[in-house]
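2 protein chains.
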Amino acid sequence: MKSPVVYLAAAWSLAFFGSAFAADRPPNFVVIFADDLGYGDLGCYGHPTIKTPHLDRMAREGLRFTQFYSAAEVCTPSRAALLTGRLPPRSGMCSRQRRVLFPGSKGGLPAEEITIAELLKTKGYATACIGKWHLGHLPQFLPGKHGFDYYFGIPYSNDMDRVATSPMGRAAFLTPKIEYWNVPLIRNTEVIEQPADQHTVTRRYADEAARFIREHKDQPFFVYLPHTMPHVPLFASGEFAGKSQRGLFGDVVEELDKAVGTVLQTLRDEKLAENTLVVFTSDNGPWLTQGEQGGSAGLLKDGKGSTWEGGMREPAIAWRPGTVPAGVVSSELASTLDLLPTFCAQAGLDAPKDRPLDGYDITPALAGGKSPRNEMFYYRGFDLMAVRMGPWKAHFMTQTGYGQATPERPDPPLLFNLDVDPGEQFDRGSRISDVLDQIRTLAEKHKAGLQPAASQLEL
Amino acid sequence: MKSPVVYLAAAWSLAFFGSAFAADRPPNFVVIFADDLGYGDLGCYGHPTIKTPHLDRMAREGLRFTQFYSAAEVCTPSRAALLTGRLPPRSGMCSRQRRVLFPGSKGGLPAEEITIAELLKTKGYATACIGKWHLGHLPQFLPGKHGFDYYFGIPYSNDMDRVATSPMGRAAFLTPKIEYWNVPLIRNTEVIEQPADQHTVTRRYADEAARFIREHKDQPFFVYLPHTMPHVPLFASGEFAGKSQRGLFGDVVEELDKAVGTVLQTLRDEKLAENTLVVFTSDNGPWLTQGEQGGSAGLLKDGKGSTWEGGMREPAIAWRPGTVPAGVVSSELASTLDLLPTFCAQAGLDAPKDRPLDGYDITPALAGGKSPRNEMFYYRGFDLMAVRMGPWKAHFMTQTGYGQATPERPDPPLLFNLDVDPGEQFDRGSRISDVLDQIRTLAEKHKAGLQPAASQLEL
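Sequence lines, in order, name chains A and B.
Positions in the first sequence are counted from 1; adding 26 to them yields the working numbering.
Positions in the second sequence are counted from 1; adding 26 to them yields the working numbering.
Some hints could be false.
Where chains are identical, the list cannot tell them apart; a pair therefore holds if satisfied intra-copy or between any two copies.
Computed cross-link-like contacts, SDA-like style, restricted to lysine to any residue with a CA-CA straight-line distance of at most 25 Å [what the hints assert, rightly or not]:
1. LYS284 with ARG86
2. LYS269 with GLY429
3. LYS269 with GLU401
4. LYS203 with GLN245
Keep in mind the hints are simulated off the structure, nothing from the lab.
Model, not experiment: these values are computed from the prediction.
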């Protein structure tokens with residue numbers, strides 16, 4: 027017989043998390059990850075002409091974060107951190123020189139790293155990665171080696187594998203033609219299409235996810251759905267091309283929005299919505315150098331590639347009807363780093379204890395309450411550029427996403443109160459030395475606990 | 027007996043506008059006008075830390091515009107244009123030198139101008155102006171002379187009437203103390219408090235509006251509610267001061283949000299919601315030179331005082347449950363200039379025919395459909411700085427809101443596609459000459475039809 031304390035705790039859990047623990051099985055998890063989408067690019071984040079009715083509805087039915095961070099300022103490290111709950115230097119999935127993996131790279135996510143998929147598999151989850159992997163395209167690094175039962179997608183960025191006859195430089199990005207690129211589309215370990223028809227990948231990813239959900243609806247599942255878009259070169263299907271007010275970038279985001287709708291509607295149709303936590307976010311900020319084909323960070327500064335807020339603060343919506351409260355706008359701090367501990371906790375699993383993790387179980391924040399996260403470490407490669415502590419962010423080094431060759435090292439560090447000054451316009455570093463001292467102490471403690479691995483990106 | 031055609035038209039109107047024409051009496055109108063609120067300053071427009079649950083709910087229950095314009099880039103001309111449906115040069119309520127009225131000004135809105143209030147009074151409306159007037163504080167210009175049965179408020183900006191012992195320059199704005207200012211609070215024509223207790227004006231305006239609504243609920247009414255805040259100096263009541271994450275500016279906007287909630291709840295409580303059209307917007311963009319005490323234009327460029335988008339594109343929400351559809355985000359063009367023709371049409375009145383008007387009846391846009399507006403003329407004083415035609419905006423002259431002493435005259439004019447490039451970053455002027463030619467033609471035709479009046483601001 028259980029003790030009264032246990033009963034009390036169980037009753038409290040039930041009241042607090044609703045169906046989360048009432049169901050017969052642990053919840054399903056779906057992570058929908060956009061590529062290079064900025065903080066300002068969705069209707070529900072204020073964009074004037076990009077229409078995102080499905081994501082707006084997801085926000086109305088769920089919780090919209092306004093201070094949610096990707097774990098890195100570019101693609102490969104951001105993805106590695108999401109799946110492992112660890113900052114990129116710990117796995118070596120970063121580099122100041124190369125920044126991401128390329129088709130000629132020999133490295134990838136090390137086998138000893140433990141992914142969300144591997145953890146959930148120990149609890150009987152069916153797992154799928156559908157979309158852009160970018161954690162190593164050689165056979166030993168593919169999703170199947172990292173806990174995913176199924177993979178369908180393009181293994182790296184869609185601007186890689188440029189054919190020799192395509193224009194040099196950015197011209198090929200900005201007049202996107204399918205014949206400029208030779209990117210492969212892979213099912214499990216086999217190339218099934220090359221070049222991939224990028225016009226239809228967004229829709230096909232959504233359809234694959236919907237099919238996987240339907241086929242595995244009788245067991246718990248984890249679907250990691252990292253879209254290829256809206257990373258340049260931009261491609262939309264005939265249904266969306268030329269249709270949005272925002273031009274090609276808008277077409278692509280609106281098709282992505284519909285793809286989100288496909289997944290959510292599948293969950294509703296299969297009566298799985300109330301037992302599935304869906305999180306939508308993006309890997310890093312907008313690629314500002316792409317002109318009208320890049321996105322917008324809204325009121326935030328800079329974009330992809332930088333550790334200014336626009337590079338790492340992302341649109342983020344959490345959805346689970348009946349558990350995640352509807353229509354909440356949360357300014358609590360959270361990060362993709364938190365997904366692994368949160369999913370583990372909700373699945374009744376222990377997170378790995380044999381290695382440092384950088385995430386928190388943000389279940390309370392998903393219920394509309396406080397987040398346990400109070401800090402954020404902003405890395406560029408192996409360099410700790412900035413640290414957030416509560417509302418305060420200190421920049422020890424600054425560098426724009428693209429176009430600034432070397433970092434600046436302001437002394438004293440720049441200091442912004444992000445709650446008051448989200449646009450990082452009004453430096454208070456020379457005036458509030460006690461806060462700076464506290465952040466320096468936090469940074470030193472953090473560095474002392476971080477043993478960087480050798481870079482996988484320089485292999 | 028009416029002809030079948032009339033019956034058919036009536037049936038169509040009923041189907042299209044719902045209760046708009048079904049009611050026994052014309053609809054009530056409430057215009058809530060913020061001061062210096064930027065496009066990016068509300069939760070439902072993406073601000074990360076300003077919490078605006080009442081305005082967010084208003085947007086969920088109504089229609090949120092993303093391309094809605096004030097009629098001018100600063101206060102006095104913007105208000106004159108709203109109430110008359112005419113661009114500021116037509117009434118002389120603008121000037122390049124002084125820009126707005128000051129306590130020493132001798133001018134005001136000319137008696138021959140026809141306001142919304144005067145028009146609605148001919149149809150039996152009770153009319154109130156509650157808040158900041160700024161269209162002339164001398165007796166012959168006060169709201170009572172322009173069709174308002176009742177006035178309660180501060181007659182000009184809250185940073186005027188600075189006392190001699192207050193700090194010079196902006197210091198007085200940024201360390202706001204009630205004793206620095208001697209602004210009067212007026213009821214009808216009498217000063218009832220001087221200095222006005224600015225900590226409580228936001229709440230008192232809302233309470234006055236609620237009282238007026240309750241007292242006049244048995245007749246049609248028009249309440250024009252131009253708030254004093256969030257114009258500097260910023261003051262919040264004890265309930266809000268120090269409470270928001272965004273600092274004093276956030277405190278003030280959150281109190282303004284609650285004041286909106288007070289009005290909407292009064293309408294619900296009195297069973298008037300379905301017969302009252304409420305429009306919330308602001309007079310011009312954020313006053314960026316006020317640092318953390320100024321607002322944010324989000325992804326738009328520049329702010330108050332400029333004819334870049336951030337100076338004149340505003341948050342705008344329309345609400346009338348059962349008539350204005352719920353949860354719509356509209357990127358149709360609209361302006362405060364359109365309120366007069368729209369209210370006239372909905373009240374069954376003819377708009378003035380003896381003078382040029384610059385507005386349109388936007389009832390179709392308020393029903394979630396297309397707007398008849400396809401252009402926008404951006405004035406600074408008497409200068410036509412820029413013209414929008416469809417998605418295209420040509421800048422013939424540019425000048426920042428503050429800090430740039432003289433305008434630039436780019437040749438060719440700068441040309442932006444605002445649907446694609448709302449941030450006005452990517453000039454296409456040298457490449458798309460046919461569009462520029464069409465806008466030039468539109469501008470010339472417009473100028474030929476605009477006879478500027480002598481400036482009231484230079485008297």
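Okay, the hints, checked on the actual structure:
{"no.": "1", "hint": "LYS284 with ARG86", "in the structure": "both (16 Å within a copy, 21 Å between copies)"}
{"no.": "2", "hint": "LYS269 with GLY429", "in the structure": "neither (32 Å within a copy, 40 Å between copies)"}
{"no.": "3", "hint": "LYS269 with GLU401", "in the structure": "between (41 Å within a copy, 21 Å between copies)"}
{"no.": "4", "hint": "LYS203 with GLN245", "in the structure": "neither (41 Å within a copy, 63 Å between copies)"}
Hints 2, 4, counting from the list given before, are not met by this structure.
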